[in-house]
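Work out the full structure, taking the sequences as your base and the hints as a guide.
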Amino acid sequence: MTLQVAPPDVRTPEESRAITERQSGWLVIAEQESRDLWTSGRGSLLLFLFSILLSAVTYLTSTNQALNFLEQRESVNLVLQLAVAVGVLVTLVVSADGISGERERGTLESLLVTPVPRRSIIAGKLIAALTMWFATFVVTIPYVWVLARGVGILGQALALGFCVGTLVAVGLACVGLLISGVCNFNKTSIAASLFLMLILFAPTQLPSGLPQGWFFDVLRRANPVDSGLAYISSILVNGHSWTQDLSYLITPLLTAIIAGGALILAGPRLVRLTPGVNAG
Amino acid sequence: MRALIMILLLAGVLIELPAPALADPLTVEVVADPPVVSTVLGDHFEVSTEVKNTGTKPTGEILAHLNVASIEGSVYVDPEDWSSERSQQLSLKPGESRELSWEIQAVNSGQFAAYVVVVPFGGSVNGNEQLSISPLVKVDVAQRTTLTAGGALPVVLMVPLLTGVAAGTALFRVRRRRGAGT
Amino acid sequence: MTSTTVEAVRLTKHYGGRSAVQDVSFTASQGEIVGLLGPNGAGKTTTIRLLTTVLVPTSGEFSIAGHPSTSASEIRRCIGVLPESSGYPAHQTGGEYLRFFARLYGLSRSKANSLAAELLATVGLEQRAESSVSTYSRGMRQRLGIARALINDPVVVFLDEPTLGLDPAGQAQVLDLIRTIAKTRAATVVLSTHLLPEVEDVCSKVVILNHGRVAGAGSVGEVISTALIEQSAELRVPIDLVERARNVLAGFPNLAIDQLSEQPDVLVLAVDGAGTSGGSGDVMNAALAAITAAGIPVLRFELEGARLSDAFFKMTSEAVA
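Chains as they are written, first to last, in the working numbering: chain A, 1 to 280; chain B, 1 to 182; chain C, 1 to 321.
Heads up, a few of these hints could be off.
[Unchecked claim] From chain B, some residues computed to sit far from chain C (all C-beta separations above 10 angstroms):
1. P35
2. S38
3. K93
4. N128
5. A149
[What the hints assert, rightly or not] Pairwise CB distance ranges, derived in the manner of DEER restraints:
6. B:A149 x A:C163: 38 to 44 angstroms
7. C:E126 x B:G179: 14 to 20 angstroms
8. A:F185 x C:F301: 52 to 58 angstroms
Keep in mind the hints are simulated off the structure, nothing from the lab. From the three backbone atoms N, C-alpha and C, an ideal C-beta is built for every residue, glycine too.
Below, the structure is given as structure tokens:
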């Protein structure tokens, strides 16, 4: 069989450049990565499992005849905490696959020889990873509606969950991509990210009877996930105002700024065939 | 005789010496409004109080503090759950009055008393000071059932169903693409 | 006049103390097919990665289509690359894959759709456009990769081992496609491969790398000549004309003539002494011409040491000085 090659269309380099600038590479990558994540079934399967968890929590809460107003408010808080924890975790795992996964699958080099800037590649992958958080939040909305409408905190709970969850998710997605950039193997990258989550969550699982001095308070506030969740609790459960405990948001904000800044600065050196940031 | 008169005079002087004085009472008047609030469990309402210095001297730093108590006696009340900002600090010149408002959420059902007490604040407190208290604000909170299993069931069932269908559709499409190649 | 589209000047790449590529220089012009040859670890893939801006050279310069090495984004706009062992997203279809890359190069959705369909037809995958890439055979994936390398209508196409793992029919298809790309698109093709016989047919120029250095470069004939390979030939003539053939060939003083004991009608010819391979070739040509001029039928003539593979083995077996 002889394969024929059709004569090419004529396009000047200037026209090519103009076209490339009009259609941002980061948007194309974000769209394709998101499509791969959701049409492959990975994302929707995770959401399905998460919805089963939330349904169990909501049903158990609703069948509790002795549930009082305050406990119902705490149930809303619990659902939001689950949403943020699960949403951030899956976002981290997806972002940890971003660069090291492409290396391992052998698809990175094809991407590197396109005219898309390295930072655009990172931006596209970051956005795709964040779709996991946004989808998790959307799935959470009906549960929060059911639990929160009777206790007058529906709007507040949704706004709070969205703002704090997005802030924490952005920070940890940036961290996940940084880890992915310096790891050669995808398993290493994902394991390192999961280990990071474990370190972040471990102090919160200590028995409440242990002494809770300044050290544990610092540990809690230094943890972007835990301090974000503590901020949500302080408003939903303790009834504080949004500005009363803003100090809890310092760590999530710093994580997002530092990790995001590191990605912007080191991005071109992370998206390479070999891991690390040394000159290639 | 002269000695007896001296003793009687001395006793009279001693009797006339003033007793240790009580601290100056707070010359502050507190008025709360409205006097009765009827609401439903979970709703927010506002209580206004006017604190007025009725004395001739400045009050110095004083603290107006909100408290809530059950007047039925069977409900545990944690005032922190009702309002997160229960203390407001202020100072008043003679004749000055200030209006303070309190945002409260009814987190228990039943009958309650809300009131504001004004206490002196800071290093000048010696103990023994008189306090000023507002009249009681009666709060009637009606019970409201906000969550039932039947009300939650549609969401509990539909969301996993929808996400399951989405996941199944995606996996089916993947299988079909793979099958198209074989 | 064809323009120079690839120019590499003393390209060098070190990894710590190890030199992967050292002082590699060559040029390629529009429409040329350049074969980049060498044993495993010779530096072919590293050289391609340097020229495609995936790696940064330790020293040296290069330009692609007039764009210097400092203009990486400009270079990427005008090259197409099929990397060695290129991976493909398992869950995407061939059509989706090409549409994605078309959009990365700035095409609108509709243009990406039509271009993807056109390229899939070009490489013979139109029937499998909507099948998952995970169901493609090795050869189909290579063809998909070539289609992707053509998406931006490149000035220079880099193909790193495009026939790796393909059966002979697949190899022939790919080489035919490469030939057509260079001809109809006037693109320069830089082809890294181990298939020496096919390189001789397809490539107008070869660069042989050994231990990261250029061991030989030029047209196929020039490289063979440079290799200074001693040529020999087996000449079979009718048994009754063997002596007459001997007498004709005796007129060539540099030509040693021997006879195979087991095949008395076969004469083994060898060019004596030092001389360029070009000179040996001339002697052989002249000897053959003399035989035919003498009316002696040539039943078989096999020339040894005049193939690219001979030059390749000789050049790559020599130690680097």
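Now for the hints, and whether the structure bears them out:
no., hint, verdict
1, P35, "holds, 68 angstroms"
2, S38, "holds, 61 angstroms"
3, K93, "holds, 72 angstroms"
4, N128, "holds, 80 angstroms"
5, A149, "holds, 40 angstroms"
6, B:A149 x A:C163: 38 to 44 angstroms, "violated, 31 angstroms"
7, C:E126 x B:G179: 14 to 20 angstroms, "holds, 19 angstroms"
8, A:F185 x C:F301: 52 to 58 angstroms, "holds, 57 angstroms"
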